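Peer 1: Protein chains in written order, with the working numbering: chain F, 59 to 456; chain X, 59 to 456; chain U, 59 to 456.
Keep in mind that the hints are not guaranteed to be accurate.
It does not matter which identical chain is meant; a pair holds if it fits inside one copy or across any two.
[To be verified] Below, simulated DSSO-like cross-link-like pairs (lysine-lysine); rule was C-alpha separation at most 30 Å, straight line:
1. 189 <-> 111
2. 96 <-> 354
3. 354 <-> 189
4. 249 <-> 354
5. 65 <-> 189
6. 111 <-> 202
7. 358 <-> 111
8. 202 <-> 238
9. 354 <-> 111
10. 247 <-> 189
11. 111 <-> 340
12. 249 <-> 189
13. 340 <-> 358
14. 368 <-> 96
15. 247 <-> 65
16. 96 <-> 111
17. 368 <-> 111
18. 238 <-> 263
It is worth saying that the hints were derived from the structure and are not from the lab. Computed from a prediction, not measured in an experiment: that's the story for all the values here.
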Amino acid sequence: MDTVEIKTLIGQLARLDCHSMYLNDFLLTWEKSDDEIKATFLAAEILHELRRKNISCRIFDSGLGVSLFRDQSTRTRFSFASACNLLGIAVQDLDEGKSQVAHGETVRETANMVSFMTDVIGIRDDMYIGKGNAYMREVAEAVKQGYQEGILEQRPTLVNLQCDIDHPTQSMSDMLHLIKSCGGEENLKGKKIAMTWAYSPSYGKPLSVPQGVIGLMTRFGMDVFLAHPSGYEVMPDVEEVARRNAADAGGRFITTHSMAEAFEGAHFVYPKSWAPFAAMQKRTDLFGQGDHDGIKNLEKELLAQNAGHKDWECTDQLMATTRNGNALYMHCLPADITGVSCTAGEVAAGVFDRYRGPLYMQASYKPYIIAAMILLSKVQSPADQLANLLEAGRPRMC
Amino acid sequence: MDTVEIKTLIGQLARLDCHSMYLNDFLLTWEKSDDEIKATFLAAEILHELRRKNISCRIFDSGLGVSLFRDQSTRTRFSFASACNLLGIAVQDLDEGKSQVAHGETVRETANMVSFMTDVIGIRDDMYIGKGNAYMREVAEAVKQGYQEGILEQRPTLVNLQCDIDHPTQSMSDMLHLIKSCGGEENLKGKKIAMTWAYSPSYGKPLSVPQGVIGLMTRFGMDVFLAHPSGYEVMPDVEEVARRNAADAGGRFITTHSMAEAFEGAHFVYPKSWAPFAAMQKRTDLFGQGDHDGIKNLEKELLAQNAGHKDWECTDQLMATTRNGNALYMHCLPADITGVSCTAGEVAAGVFDRYRGPLYMQASYKPYIIAAMILLSKVQSPADQLANLLEAGRPRMC
Amino acid sequence: MDTVEIKTLIGQLARLDCHSMYLNDFLLTWEKSDDEIKATFLAAEILHELRRKNISCRIFDSGLGVSLFRDQSTRTRFSFASACNLLGIAVQDLDEGKSQVAHGETVRETANMVSFMTDVIGIRDDMYIGKGNAYMREVAEAVKQGYQEGILEQRPTLVNLQCDIDHPTQSMSDMLHLIKSCGGEENLKGKKIAMTWAYSPSYGKPLSVPQGVIGLMTRFGMDVFLAHPSGYEVMPDVEEVARRNAADAGGRFITTHSMAEAFEGAHFVYPKSWAPFAAMQKRTDLFGQGDHDGIKNLEKELLAQNAGHKDWECTDQLMATTRNGNALYMHCLPADITGVSCTAGEVAAGVFDRYRGPLYMQASYKPYIIAAMILLSKVQSPADQLANLLEAGRPRMC
């Protein structure tokens, strides 16, 4: 992309109303206006293009990014680290060790204690229903208050790196991938996407990916199908969000228990395992009661329940039923690939193999999405700031 | 603070004699002259003001800060990371894993091996009496020698992030908090501060906080009361330092076994649990003998001993006896708060709640104190350097 | 060194053909041409001199360096961190946790997922024969392909931080130490170096150090003696490399079972423990079969075998037989020092003590060697780039 084209993107960003993102957090995509969602995509693209032209995107001379991962992470961890580094922020991991950080007083205190020079806090907390997002809001509220009271010199922005409800850095990367694949958001209208459950030999995968996808992709006038076996429902509240979005955007949100129906004629397919919402809620309750035997029994039940749906696999046959037989296959990775990482999984090896390039590309947007989220929350006039970076043209690498 | 006021502070710093801090370490506050202590406060304040004005304090283009935590840490870890980052230094953690680093040959070797491009080494080693500070001196000596022999290109400065004797980054932050609360060091003379033991259900909290406080705060002409139940004495050597300081500064250092006496009319109170020095020494000996049963028994004894002093709690009633009933309540955090983090603890929830703002502020000085310690040890003409930063006015964040 | 001398070194670098290093990896020294080896030494020296003159070597404004240590490391970890930091790259550790990263699909995927903004990947994987180097090639191939397919914006260069075959950052540092000790590469011709086995109470030390040494040092026209007890052979392939190198360079590669013969008249001695190649291969097979009892038995056998060779110690008596009784004693550290870190070890305390300065110096080159490897792989015209840094003269520390 040449300089003129980048300036065009910057011009588009300048015309969007994203002033509420300034000194704010990014917790759920559906809390953001259409302009704010678009601004995030645009800022991500502009940062990407600047870096491609070897232009420094560094807006911070110093500053800390605190990362707190309450669940394992490789790609999101590196995406957050990359985003911070791109902007000039040093990452410092908050390692809670094996101790449970108590709620109440301690959250507020810890949040402030690590934030005296912190510009951004990224948290993954997706293990327990009703907990992760609530925890993030507690942290965000604590540092906001600390900032207002003059304890913190700057307002650290909170970026949700996956909670029990949403996984915005994932769904936004997925969406940007779709937009780029179709040559623009305007081409998505009326297209069909199948977010479907798929079999996995593992247990308890978070709901935040399918929820994030239906919560976001229903905003673009697409026909969004959510397919899963009976009993694998996602959070009713998020389904409600999806229904409302679809109505507003002139698209459809359809739930079905048939993978075939969802794939039929689809332009995009996103087959992925997740745990039933009700079971996850039960698990959270058992955990709260300290009932470890109960958790073990539940785990066994769920694995047995999963095993009854091994036919929910993204095979070549199913792919053949999609639009022109070549729907774009999507996954947040890592996928459970039949015959590669497990004996029976979410996707046939042949399908996965054919789409490896696009899948890696899908993942490649995440660092830029995170960087855009940070930029939009930290900079009052992001379009001007990006124009300045382009103008300055300081090389990322000499 | 406007530019003229910052220049005034820089002018004050220029007039202090702190040339011995250059290429030196910060291990115990009482090894530093009054001018050096003042210079540290001034440099911390100037750095703070520069950052508040969004002026970069970066004096390093590259350089490593090695952190070694032999005990858990959140706030000091982040303070060290923040301080290094503010100055342009990247933190690299030295993780000793589960292996005990042997003394003798290995300390000298490891210290040099991690220091080829290291500008500062921060160490927390507070677990065993007679060990932590000694270890720091061994490391400091090793890298000093490595520098003199031309093995290291630069002299890494050692910052004591808490040892068995002192916790200078804490006590200096506490002190700066006092100075700011009173509107200047000159207003401290004759004021009363109560450093008192308080009950905690936990065991073996380090002595370095009360020792650091009495070792530093006796230098400002205050009446420093050290109160604790019989049997909870601190190191006699540090009490001796406090006595000498008080005499030199025209203040008083008074020990008592009555919390009420210490609180009576106090301007500042610092109630906090610690372990008896004699017990900690016994524990170190048992550890040296590998007598784990002995350690367990000692632990039980100490908890029982603690439990006899649950009345050592900072309550509203006690606070009411302080100067105008509104002494400044201080704590290094986290505090054991009755009814919040434990059933009976160091402080009543109501007291803690009322002072949360000031407590967080107290903690907020630590990153700047550490940055000042690094600056003063690395830069030959710190006042000139800070004037240059102000003059350059490079934004911390664009 | 003054500016004119640095310019002379830059001029020498400019005349070397190292264009194949650009966008390439550093896996085995014997895959590199003589010009490329020389270029690495020169670039390391120039970077060293620039830093000595307080001139910034920062060529990256942002960028990540991924480090993956599958075996414990202190000095190489800090060397890698120092090298990255010197050039402006932030280190992000890839912690595989306790899980074995599966081969095949996953390696390719993980390699790409952590590399979206990654400029360099440093890996230590030295535990199993036939595995470490192969793994590195798999990672390098994956990111190379990712770069070619446009998934990665830049080609991350892979630096071998020790594998089962070679330890190039170590052997290159060792070699630079030799060159500097002799006042130039041209003075090495005809000199004798003894790479000898030495007794250690521990078990299973990697073969990569002796292999790296004989694979590199045979290229300089020296007489390279490899001495070890019968049964402690290194990989035959590497011996073959050494033989070929020696023939090409007009030197000799001689193997012997006598430590005395190797030391006799030597200019340089490098006594160090390692595990027998055949035993390591057996261990790898047992590991592959999950035969943990077999591994334990093998371990016992090997320790017993070692114990039969306690006379393989670098003593004062042996040192006396070297050239003028003052051969340069070398070690990659940490050494097993008799009476200091063990009752009987690789070297007498007196010998080690006398050579501590040179030993630390030997280690000091590693950060610069790694930085040179990164520079040569990332920068198309390294001599021009270094000249620019010298010209700009931006201070490393204000």
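Peer 1: With reference to the structure, classify each hint as holding or not holding.
Peer 2: Cross-check of the supplied hints:
For a Cα distance limit of 30 Å, the shortest separation of residue 189 from residue 111 qualifies neither inside one copy, at 42 Å, nor across copies, at 38 Å. Taking CA atoms no more than 30 Å apart as the test, residue 96 paired with residue 354 passes in neither setting, with 44 Å inside one copy and 60 Å between copies. Within a single copy, residue 354 and residue 189 get their C-alpha atoms as close as 20 Å, which meets the 30 Å cut-off; across copies the closest is 37 Å, which misses it. In this assembly of identical chains, the alpha carbons of residue 249 and residue 354 never lie at most 30 Å apart, being 42 Å within a copy and 61 Å across copies at closest.
In the homo-oligomer, the alpha carbons of residue 65 and residue 189 never lie at most 30 Å apart, since the shortest distance is 42 Å inside one protomer and 49 Å across protomers. Taking the shortest Cα distances, residue 111 and residue 202 sit within 30 Å of each other only across copies (20 Å), while inside one copy they are farther apart (36 Å). In the homo-oligomer, the alpha carbons of residue 358 and residue 111 never lie at most 30 Å apart, since the shortest distance is 52 Å inside one protomer and 58 Å across protomers. Taking the closest pair of Cα atoms, residue 202 and residue 238 come within 30 Å of each other only across two copies (24 Å); inside a single copy the shortest separation is 35 Å, beyond that limit.
For a Cα distance limit of 30 Å, the shortest separation of residue 354 from residue 111 qualifies neither inside one copy, at 53 Å, nor across copies, at 55 Å. Taking the shortest Cα distances, residue 247 and residue 189 never come within 30 Å of each other, neither inside one copy (35 Å) nor across copies (50 Å). Taking identical chains as interchangeable, the C-alpha atoms of residue 111 and residue 340 are never at most 30 Å apart, the minima being 51 Å within one chain and 51 Å between chains. In this assembly of identical chains, the alpha carbons of residue 249 and residue 189 never lie at most 30 Å apart, being 35 Å within a copy and 47 Å across copies at closest.
With identical chains, the CA atoms of residue 340 and residue 358 are at most 30 Å apart within one copy only, with a shortest distance of 14 Å there and 39 Å across copies. Taking the shortest alpha-carbon separations for residue 368 and residue 96, neither the intra-copy value of 38 Å nor the inter-copy value of 59 Å comes in at or below 30 Å. Only within a single protomer do residue 247 and residue 65 lie at most 30 Å apart by alpha-carbon distance; the minimum there is 26 Å, versus 61 Å between protomers. With identical chains, the CA atoms of residue 96 and residue 111 are at most 30 Å apart within one copy only, with a shortest distance of 23 Å there and 32 Å across copies.
Taking the closest pair of Cα atoms, residue 368 and residue 111 never come within 30 Å of each other, the shortest separation being 46 Å inside a single copy and 61 Å across copies. In this assembly of identical chains, residue 238 and residue 263 lie within 30 Å of each other by CA distance solely inside one copy; the values are 28 Å within and 51 Å between copies.
Violated hints for the displayed structure, listed by number in ascending order: 1, 2, 4, 5, 7, 9, 10, 11, 12, 14, 17.
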